[in-house]
Amino acid sequence: MSDPRGFTGWIDDRVMAIFAPQPIVRLEVIRILASLAIVGFMLARIIHADDWLSTDSFRVPAKPDDWRQPASFSGLPLGLAWTVAITLGVAGLATAAGAFTRIASGVFFVLLTYVALADRLSAFTVSKIGPVIALVLFLTPSGSRWSVDAWRRKRRDPSYQPPELVSGGCVRFFQVMLPVFYCSSGLRKAVGDWLPGRATYSPYVLWTNLHDSYQTPVSWFLANHLPAFSWTVMQLVTLAFEVFAPIWFALRWTRPYATGWALAMHLMIGLMFGPVIWFALLMIALLAGSYLPETWLRRALR
Amino acid sequence: MTKPRKPGKASLRPDPPRAATATATPTPTPTPAVSVVSARPLARTAPPVARGPGPAPVRIALVALAVIYFVMLMKHPDPRGWIRPLAFFSECTGLFPNADTVATEFRLEGYSCERKDWELLDPRPYFPMRADDKEARFQRLGYFYKGDVQVLHALGAYITSHHADHEDGVAGPIGGIRMFKLERPIPAPGSEIERYVYEPLAPVPADAKRPLLFESALATLRRQCKVAREPSSRAGSEVSPGPDGVETVPAGSDPWSQP
Chain A
1 MSDPRGFTGW
11 IDDRVMAIFA
21 PQPIVRLEVI
31 RILASLAIVG
41 FMLARIIHAD
51 DWLSTDSFRV
61 PAKPDDWRQP
71 ASFSGLPLGL
81 AWTVAITLGV
91 AGLATAAGAF
101 TRIASGVFFV
111 LLTYVALADR
121 LSAFTVSKIG
131 PVIALVLFLT
141 PSGSRWSVDA
151 WRRKRRDPSY
161 QPPELVSGGC
171 VRFFQVMLPV
181 FYCSSGLRKA
191 VGDWLPGRAT
201 YSPYVLWTNL
211 HDSYQTPVSW
221 FLANHLPAFS
231 WTVMQLVTLA
241 FEVFAPIWFA
251 LRWTRPYATG
261 WALAMHLMIG
271 LMFGPVIWFA
281 LLMIALLAGS
291 YLPETWLRRA
301 LR
Chain B
303 MTKPRKPGKA
313 SLRPDPPRAA
323 TATATPTPTP
333 TPAVSVVSAR
343 PLARTAPPVA
353 RGPGPAPVRI
363 ALVALAVIYF
373 VMLMKHPDPR
383 GWIRPLAFFS
393 ECTGLFPNAD
403 TVATEFRLEG
413 YSCERKDWEL
423 LDPRPYFPMR
433 ADDKEARFQR
443 LGYFYKGDVQ
453 VLHALGAYIT
463 SHHADHEDGV
473 AGPIGGIRMF
483 KLERPIPAPG
493 SEIERYVYEP
503 LAPVPADAKR
513 PLLFESALAT
523 LRRQCKVARE
533 PSSRAGSEVS
543 PGPDGVETVP
553 AGSDPWSQP
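Sequences listed follow chains A and B, in order. Residues in the first sequence are numbered from 1 upward in steps of one, following the working numbering. Residues in the second sequence are numbered from 303 upward in steps of one, following the working numbering.
Next comes chain A alone, as it looks inside the complex (with noise of 0.2 Å):
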């Protein structure tokens, strides 16, 4: 029977499905696994933070107006930069942990910001969406479940039953971004060397990038192994699903297949570009946590 609200009821009922509330273990399963990933990438940076942040290391001199500086800061005294540093570890931690998220996640948010801007020269990609992620965390109610804030509430009061649905922003956020970030990506490729029939085109991108320090025993023993077509056909599949992402996702029939073509995806970039391991399994605590079967969460968590 057709709706009597006609199209505008139909588009009523498809934004209020993006803002019905959705089941929280999907924040909480970002919280945990994002928040690993992010200190997982700052601790080798963590263990150096001379090198880093401290005046006694090579610092940039300050360029105004220079497109590879997007902030100036000076060095910090040695003291302080260790201070910086820990604090960021313990932050990252806490946050994952659940204990104080809120004031966890906020300090998590300002010191990722702070290190990303303050040394251009250590800042990845990671550095630039996880203070984006570390700040969602902080404005959701993240670390309601599964969390030592739950743990001790329920201590203080026993008939305390923790939520089991978020507003459905907190999750539909990393829902979208996702699609959104394979597209962008996506694009950037298709106008750079990846998309046949353009000028610059090259069948074998992936194979030119694992002769340096990215190549992994993984990568080493592929690219010795696997006929030189493969690399082709891997580049234009991750192409494809890049450039379609939102729509592979969007599609409930396409979306469980998407899902596993991108772990898989982000599974192989973590063994065959040896430093990208962290964005990967980044990529992956967003994956389980935003698509994944909440039943699978569940029993995850349970």
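Simulated from the structure, these hints should not be mistaken for lab results. Just so it is clear, the structure is predicted and the values come from calculations on it, not from any experiment. No residue lacks a Cβ here, since even glycine has one placed at the ideal position from N, Cα and C. Do not take every clue at face value.
Beta-carbon label-pair distances, calculated as ranges [to be verified]: (1) B:507 <-> A:68: 25 to 33 Å; (2) A:11 <-> B:358: 51 to 59 Å; (3) B:377 <-> A:255: 34 to 42 Å; (4) A:200 <-> B:508: 23 to 31 Å; (5) A:73 <-> B:463: 19 to 27 Å; (6) B:490 <-> A:196: 15 to 23 Å; (7) B:468 <-> A:302: 49 to 57 Å; (8) B:445 <-> A:200: 19 to 27 Å; (9) B:404 <-> A:197: 22 to 30 Å; (10) B:468 <-> A:198: 24 to 32 Å; (11) B:468 <-> A:196: 47 to 55 Å.
The hints should help you fit chain B onto chain A, whose structure is shown.
The following block gives chain B in isolation, referenced to the frame of chain A:
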């Protein structure tokens, strides 16, 4: 009756709601009284919804900010003026857009004041964070600032002033640095490749190119080597930006004997 689910097997379908499971058991014919009884637990078990902070207008504003962020991910704003830090955080989706034409790494040489020659210098003691891969700060410095004399001059001053504190492969004092990019050809697709190892002190391979990116100025080399030989002349020997990258010092030459 609903079909019983196999225990322990994951399903892509969501679990049935508890109320539905309860009504699936054989029950007498419903009467109004039964409906009232079954409705109470439903109302009592309605799951609470956790909400973000602030009233509805604040949350609507947050949705608007999220949409702006998504738009910035798709269309990176021009990084100028006040928007530069914001643009920086949205400039994160350009992942491997281009094919490499050569495999590159950046290397350093120090000018040995004692041996009067350029010698390979290990940058890892000066940049210990992720020192062996492309995420090292030194490799990133080369990538971002390879044509920037001001920054590379500062690097030269930093390396020279800290040289005595590090084991970097060059014994004795140095007068300055030069930086070059090692460019190795990429093997043909499908051919056998060797395992890559980063060795900053290894000789430059025969098939590699090494375009020079920066070299400390002759005046700098003279001044620094003089300071090293005559510590008393350290006063007033502060390195000033000179015409770095312009003059070159041939291997084996004596920089302070030149006019």
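Here is what the structure says about each hint:
{"no.": "1", "hint": "B:507 <-> A:68: 25 to 33 Å", "in the structure": "holds, 30 Å"}
{"no.": "2", "hint": "A:11 <-> B:358: 51 to 59 Å", "in the structure": "violated, 20 Å"}
{"no.": "3", "hint": "B:377 <-> A:255: 34 to 42 Å", "in the structure": "violated, 26 Å"}
{"no.": "4", "hint": "A:200 <-> B:508: 23 to 31 Å", "in the structure": "holds, 30 Å"}
{"no.": "5", "hint": "A:73 <-> B:463: 19 to 27 Å", "in the structure": "holds, 22 Å"}
{"no.": "6", "hint": "B:490 <-> A:196: 15 to 23 Å", "in the structure": "holds, 20 Å"}
{"no.": "7", "hint": "B:468 <-> A:302: 49 to 57 Å", "in the structure": "holds, 52 Å"}
{"no.": "8", "hint": "B:445 <-> A:200: 19 to 27 Å", "in the structure": "holds, 20 Å"}
{"no.": "9", "hint": "B:404 <-> A:197: 22 to 30 Å", "in the structure": "holds, 25 Å"}
{"no.": "10", "hint": "B:468 <-> A:198: 24 to 32 Å", "in the structure": "violated, 47 Å"}
{"no.": "11", "hint": "B:468 <-> A:196: 47 to 55 Å", "in the structure": "holds, 49 Å"}
Violated hints, in rising order: 2, 3, 10; the structure is consistent with all others.
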